[in-house]
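The residues making up each chain are set out below.
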Amino acid sequence: MSFLALERLEKRWPDGTHAVRGVDLTISEGELVVLLGPSGCGKTTTLRMVAGLEMPSAGRVRLGGADVTDLPPSQRDVGFVFQFYALYPHMTVAENIAFPLECAGLPRGERDAAVRRVAERLDLVALLGRRPRALSGGDQQRVGLARAIVRKPRLWLMDEPLGSLDAARRAEMCELIRVQQLADRVTTIYVTHDQEEAMRLADRIVIMSQGEIVQAAPPREIYDRPATLFVARFVGSPGMNLIEGDARSGTFRPAGSAVAISLPHAVPDGRVVLGARPEHVRLDANGPLRGRVVIEADAGPWRHVHVEGAFGRMQAQTTERGASSTGDEVRLAIDPAGLRLFDPATGRSLA
Amino acid sequence: MSTPLLMIRGLTKRFARTTALDSVDLDVHDAQIVALLGPTGAGKTTLLRTIAGLEQPEQGSMTLGGRDALSTPPAERDVALVFQNFSLYPSKTVRANLEFPLRAPSRNMPAAEISERVAWAAKMLRIEALLDRPARKLSGGEMQRVAIGRAIVRRPRLFLMDEPLTNLDAKLREDLRFELRALARSLNAPVLWATHDALEALAMADRMVVLDRGRVLQSGVPAEIYARPASPDVARLLGWPPVNVIAARNIAGHWTAADGTRIAPASSDGPERATLGIRAENLALAGGPMRVRVEVVELTGPAQVAVVPWAGIRAHALASRALELAPGAQVAPSVRPEHVIVWPAT
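In the order they appear, the protein sequences are chains Y and F.
Position one of the first sequence corresponds to residue 1 (our numbering), numbered consecutively onward.
Position one of the second sequence corresponds to residue 1001 (our numbering), numbered consecutively onward.
There may be inaccurate statements among the hints.
If you want a taste of the chain Y side facing chain F, the calculated C-beta under 8 Å gives, among others [stated by the list, open to error]:
#, residue
1, 219
2, 220
3, 237
4, 279
5, 297
6, 298
7, 304
8, 306
Some but not every residue of chain Y turned toward chain F, in silico, with C-beta under 10 Å [said to hold, decoys possible]:
#, residue
9, 166
10, 171
11, 179
12, 300
13, 301
Residues from chain F that keep clear of chain Y, each with C-beta distances beyond 10 Å, as calculated [to be verified]:
#, residue
14, 1009
15, 1025
16, 1329
What the hints contain is simulated information worked out from the structure, not anything from laboratory work.
Backbone N, C-alpha and C fix where the C-beta goes; we use that ideal spot for every residue, glycine too.
Start from the sequences, fold in the hints, and give me the full structure.
Listed below in structure tokens is the structure:
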């Protein structure tokens, strides 16, 4: 049963730009859906139409079974979060968090209970009586998050709320949003251009490009089986290895190379792009691809090895240390389970 | 080891009441990439600006190539600073942007050499096809290449890069990261590279300096800092998933958290109280004495991270994707004693 439904949603700007092109999407109650895409893909415009901040040029928005397309934002009971605004310096942490509830006219007892609940989840209980200036930067951001999400509307709409934070803080806040969302199960649409954030947060990722949905699926499926080359390139860091070549009677030959890699799936003969995530590429003395190590680097738990050969450049990612060093002649093998094929003309996945 | 090209001792810089740099020591040797890792506000930019001569420190010494640098005017220090915001002339062509630093009257460089250097830099950064395009028509990644090109045409003896990849998208950042590493190697000039991204620092650098609130917390080889962070503060800066940091006591031979969770056997000659560090990849989700429920599961791509309430913290465990995990699942976290980093309580 869909809780929120976008039906053939369209947005044309007065200058003729076609920002959103026939978006169909249904979201279940309690789901966290991330709209992911590069800037200009239509994700924020879509979100603003759900909020009622923009009127669609065509199509409908249904929330809880009712058509809300023509309702003003105030009558939709949605919470819109752009970013965590500065705290009110003259109020305590508890008063800051309670402020949106006070504005919504909630009685004192309910307010206090809600503040308590969110403070426990975000480890803020000990700070409730303090004023913002007495807090560290990280604590201030957690209070800002608590204030932004203390209310329980029918729908949370979040537009890059972590955009201004640095990497370490972003990761922490992203997780706290998910902790809070899982606890309250408020249906949420979260907009971001950051694929790592999307993968970590989402029940389902909706990837948009040029105003259209390219793929909508759980993070694992998006990562493992990207529907197009665009998705394959956009999701995953380090990115998927992509090699152009020819499929012929069940084997793949990289362009300009004589080796043949047997394909686990049957595809029609012709030009194809083979894709493999770095963790599915391994150094293997019996592997079919010969090359030379050009870069190797350890990054935390991972070792990255870049290998150049007649096939182009491939990156392998392993947890094994010291297997090779720069300049070594090596062979690579691709784990058949991790092998994807795309049509270079349409960009669509073949298998 | 030879004398460092850049040697800094006791450098202190104050702005009004804040101490931006607090007695910083730093060495940069020839042809090294040194990552300066720290959160926003750690003092990274101030340190680079001080080295470039754009800020005057209150205390400390600095030598460049064996000469006192603090008394050397900025223009004569022969260092190039690349910012995260591409400072190009938008209406000028890429070529004109690259030529600009070489056309300074004081250089008096012959036209033939200018064009030779521009061609060399353009080839190195693979922007030859863009040379006649106006800078405003470039993409973000192209602009950053040109900005770096403007630094390398000068062939300075030291590059200072202030979060040069921060404004770029993930894919481009990843590509440029390794290109710049290869470039730095071939130029044979050292690079001091400021970043708040721990993975970038770990992957790029020959040496790493961890900076926070103006102080150097640790410096060394990245893999060693990763394996043995000197303090909980360093561990917290080592990226995501975070190192699990737990205050514990040695009770009857076991490290025990404040809530009573037994973490791992403790050696008898160790301290009685300590802060423990357990990296997410070393926290297993089975084999422990206590059953807890997974709160959140996050996909990293090749692996997944389970967030579990354990030992009084929200603990992070990096797990194989083969493991079936979902919020609410029961797990029994455990850690092998050799994977526990012990920081004795002070």
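Cross-check of the supplied hints:
1. Taken as an interface hint, residue 219 of chain Y checks out: its beta carbon lies about 5 Å from the nearest beta carbon of chain F, inside 8 Å.
2. The beta carbon of residue 220 of chain Y comes within 6 Å of a beta carbon in chain F, closer than 8 Å, and the hint placing it at the interface holds.
3. Here the hint on residue 237 of chain Y is kept, as its CB sits about 5 Å from the closest CB of chain F, short of 8 Å.
4. Below 8 Å, beta-carbon pairs count as interface contacts, and residue 279 of chain Y has one with chain F at about 4 Å; its hint therefore holds.
5. Hint status for residue 297 of chain Y: holds, given a least beta-carbon distance of 4 Å to chain F, under 8 Å.
6. Hint status for residue 298 of chain Y relative to chain F: holds, with the closest Cβ pair at about 5 Å, below 8 Å.
7. Proximity of residue 304 of chain Y to chain F holds as hinted, the smallest CB-CB distance being about 7 Å (cut-off 8 Å).
8. A hinted interface residue such as residue 306 of chain Y counts as satisfied when its beta carbon comes closer than 8 Å to some beta carbon of chain F; here the least separation is about 7 Å, so the hint holds.
9. Because the smallest distance between the Cβ of residue 166 of chain Y and any Cβ of chain F comes to about 5 Å, under 10 Å, the interface hint for this residue holds.
10. With its C-beta approaching chain F no nearer than about 4 Å, residue 171 of chain Y sits inside the 10 Å limit, and its interface hint holds.
11. Evaluation of the residue 179 of chain Y hint against chain F yields a held restraint, the C-beta minimum of about 6 Å falling below 10 Å.
12. The criterion of a C-beta within 10 Å of any C-beta in chain F is met by residue 300 of chain Y, whose closest approach is roughly 6 Å, and the hint holds.
13. Using the Cβ-Cβ criterion of 10 Å, the hint placing residue 301 of chain Y at the interface with chain F is satisfied: the shortest such distance is roughly 5 Å.
14. The claim that residue 1009 of chain F is not at the interface with chain Y holds, since no C-beta of that chain comes within 10 Å of its own (minimum 29 Å).
15. No beta-carbon of chain Y is positioned within 10 Å of the beta-carbon of residue 1025 of chain F; the least distance is around 24 Å.
16. For residue 1329 of chain F, the condition that its CB be more than 10 Å from all CB atoms of chain Y holds, with the nearest at approximately 13 Å.
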